[in-house]
Amino acid sequence: MSTNCRRRLIRDFKRLSTDPPGGISGSPCPDNIMLWNAVIFGPGKRRMPLHRSYRAPLTMRPSRPRARSADTPFEDGTFKLLLTFDESYPNKPPTVKFLSRMFHPNVYANGELCLDILQNRWSPTYDVAAILTSIQSLLHDPNPNSPANAEAAQLYRENMKEYVRRVRATVEESWLDPDEQEAMRQEDEAAAPSSS
0 MSTNCRRRLI RDFKRLSTDP PGGISGSPCP DNIMLWNAVI FGPGKRRMPL
50 HRSYRAPLTM RPSRPRARSA DTPFEDGTFK LLLTFDESYP NKPPTVKFLS
100 RMFHPNVYAN GELCLDILQN RWSPTYDVAA ILTSIQSLLH DPNPNSPANA
150 EAAQLYRENM KEYVRRVRAT VEESWLDPDE QEAMRQEDEA AAPSSS
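Residue 134 in numbering that gives the first Met the number 0 sits at position 135 of the sequence shown, with consecutive numbering throughout.
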């Protein structure tokens with residue numbers, strides 16, 4: 000591993016541990032500094048211990064979430080992400096993927112994000128805290144004009160009540176442990192009409 004990359008990831012972790020932005024938490028996996036688990040808490044979320052199968056350490060104490068509208072549909076969610084870095088970080092952005100199921104105009108079905116700072120607007124000055132803060136902001140202020148999920152973008156523009164209902168369902172799912180989430184996904188796949 001590149002010494003510059005390693006030094007930078009250690010610095011990012013120290014900053015995130017000592018001065019975490021509100022409503023986010025993250026840390027490298029114990030055996031691989033190039034893989035990070037992260038959590039974005041919905042506004043109003045109080046610190047809760049994470050399920051034992053989720054490896055982010057409980058010592059990460061997110062500070063109080065930033066004040067946001069109480070009407071946000073993402074309120075009280077616990078959204079898990081995986082950040083994957085390669086040797087060229089910080090010159091190249093990490094790959095970021097939601098592990099929690101998301102219903103959002105700028106999140107693909109596989110959990111990947113459509114976010115400019117992770118693509119064409121990346122700068123080596125961005126650190127892990129800036130990445131997670133940008134994702135948190137995107138949850139609350141989607142860009143339906145650049146959709147990764149066309150259905151979510153259309154509902155966001157045309158039927159806010161249904162959009163909020165679908166987002167709230169993902170918020171409720173975010174509270175479940177990973178085994179319960181997988182069971183729900185399998186039920187959804189079994190109930191979905193086949194495309195044959």
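Honestly, the hints are just simulated from the structure, not real lab data.
Heads up, a few of these hints could be off.
Unchecked claim - EDC-like cross-link-like pairs, simulated, lysine to aspartate or glutamate; straight-line CA separation at most 16 angstroms:
id : residue 1 : residue 2
1  : Lys79     : Asp115
2  : Lys96     : Glu74
3  : Lys91     : Asp140
4  : Lys79     : Asp178
5  : Lys79     : Glu172
Unchecked claim - For each label pair, taking beta carbons as the anchor points, the in silico distance ranges come out as:
id : residue 1 : residue 2 : range
6  : Arg14     : Ala190    : 20 to 30 angstroms
7  : Cys28     : Asp178    : 29 to 39 angstroms
8  : Cys28     : Val163    : 30 to 40 angstroms
9  : Lys160    : Asn31     : 37 to 47 angstroms
10 : Pro29     : Glu188    : 11 to 21 angstroms
11 : Ala191    : Glu86     : 35 to 45 angstroms
12 : Ala191    : Ala129    : 14 to 24 angstroms
Cβ atoms here follow ideal geometry from the backbone N, Cα and C, with glycine treated the same way.
- List in ascending order the numbers of the hints, as given earlier, that are violated by the structure. Result: hints 1, 2, 3, 6, 7, 10, 12 break, sorted rising.
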